[in-house]
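Chain order of the listed sequences is A and B.
Residue numbers for the first sequence follow my numbering, so the first one is 10 and each next one is one higher.
Residue numbers for the second sequence follow my numbering, so the first one is 205 and each next one is one higher.
Keep in mind that the hints are not guaranteed to be accurate.
Quick partial rundown of chain A residues pointing at chain B, CB under 7 angstroms, derived from the structure [stated by the list, open to error]: (1) Pro63; (2) Trp72; (3) Met80.
What the hints contain is simulated information worked out from the structure, not anything from laboratory work.
Quick caveat: nothing in here was measured; it's all calculated off a predicted structure.
By construction, the Cβ of each residue, glycine as well, lies at the ideal position given by its N, Cα and C atoms.
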Amino acid sequence: MPQQNVSDRKHPFAFTFRRSRIAFVIVMLLATIAVIWPGYALFSSATPLILGFPLSFAWIIFWVIVSFSAMMALYISDSNHEEAD
Amino acid sequence: METGTIILIIVGLYLLVSLLTGIIPALTISSSVSGYVAGDRSMNVFILYFVIGASIFSSFAFLGGPGWAYSRGAAAFYIIAYGVIGIVPLYFFGPRAWRLGKKYGYVTQAELLADRFDSKFLSVMLGALSVVVFIPYLTLQMVGAGYVLNVISEGLIPYWAGAGATYIIVLIYVYFSGVMGVGWSNAFQGMFMMVMAWALGIYLPYVLYGGIGEMFTTIMDAGHEAMLQAPGLTAGGSEWNWWGYSSAVLVSAIGFSVWPHFFMRSFAAKSAKSLRLSVVLYPTFLIFLVPILLIGFSAIVLFPDVVPADSILPYILMQLDLPAIVIGLFCAGALAASMSSGDAILHSAASVGVRDGIRPLLKNPLSDKNERLLIQISVLVIGLIAYLFAVVIDVSIVALLLGSYGGVAQIFPVIFAMFYWRRATKAGALAGLFGGIAVNTLFLMFPEIKPLPMHEGMYGLAANVILLIGISLVTKPDDPERVEKFLKSGASSKVFRGRS
């Protein structure tokens, strides 16, 4: 469908198939660094308590939510760009 | 009614429902090998979601998770941390494997690899190694089931009888229904366990301390703040180091998506899209580990020095004077944890053992009917072997399983190369995979020669990647036609189609 190529050019910041995948990989690399050293070392203390959870625990839960959101966004983007099979 | 009777009735009802959910839905599946091993590629998002989630629903999560939180504190967050990153590769590998499976009839991981790298040897070795790893894995699930029933019934149900009764049910539905039996029973067991975990994980901190925040404050006031600081403690009680923690997370995450019993569920999906959605929803299962860990934390101050730490959950339940119905439900929950992993492992061990390990060695090809029968017989034989190990268990089996995590991670680079690297060759793949396993095993057996205190799997992976790339580049490229088939297994983009 040539129209889609044209629309890609019109919107240089549109989330194309390739761009959304690159964005996703970057978020997941960040998540990886966040849950091991050195990212986790910065948020490794027991205090303060966040919603009752120690910081070290809340930080990991936070990244579960981030990666869930990132995967959901990629899934929606892929569904728009790919053919169903 | 007596407490023991109520517990037995609830557990019996649970087992009956498990048996029915395992047998009934599978009646619609064809009696072919593809039907038995891959459910005729018909699993929808609902079933796949629970099948993928069941990988963390094991005896380890239900007993070991609280045990880790109780004895090692923040080290237990490792279980959640590796799941977050470990599931991601399956989003990319899964649909590719699914498309190839649909087109060429693959139902196992080793079949894909053996075809891409043109090596029967690879298939037979992976088949044999999988069975060697799966048997202790299954044994541990049986041990968990027997143990929980024994402790909760206060010795009323002997350990061997608890494990035996539970796994006869599993054997029956796996024997008759194959993967669809695993799928539907996992959906039932999964929902049941989620409810139990959340109920207990929130109930315990409130009833014992007045809230989650109050519980953690009490733990810190009692002088255990170091426990809550990442990366927590080692099994010996000293502070764990970042090398050990980070490398354990990485090795587990890398190995996670390529465990053969996990990876091969890709072939059972109804469509690439439903497989993807199930993978995307996986973190909702990870969150289920939060209440499980809270259970362990709730015991740190109130019940110190319980040994072994893995028994902390049944221990708390016995101390609290809970109504029999709650204990019965919990018992069933623990069995669900054991069974939902055990059935998947049993099914995969038999399927992989026959299809990848034995079939390539036969001179005359098996008929579809005979192959299915052989897999079913293997289910019984493997179940029996694992049970024998379970009733005469010793420490070496646990060690064998823990050692296998680093070994399984070595499959990742060849899977990646299969889908994404044109230049990977047969010699490179074999050298990488088996070189990696050899290095991993070497450091596992002689931990004192490690240059840094990292997980042995990291050394294996380093050797693996160097060998895979190095040997591939100095050997002749593989047949391009065969290679393209695997590289082009990605989805077709609407935009790209417009261009061609």
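How the hints compare with the structure:
Using the Cβ-Cβ criterion of 7 angstroms, the hint placing Pro63 (chain A) at the interface with chain B is satisfied: the shortest such distance is roughly 4 angstroms. Checking Trp72 (chain A) against chain B: minimum C-beta separation of about 6 angstroms stays under 7 angstroms; hint holds. Given the 7 angstroms rule on beta carbons, the hint for Met80 (chain A) holds: about 4 angstroms separates it from the nearest Cβ of chain B.
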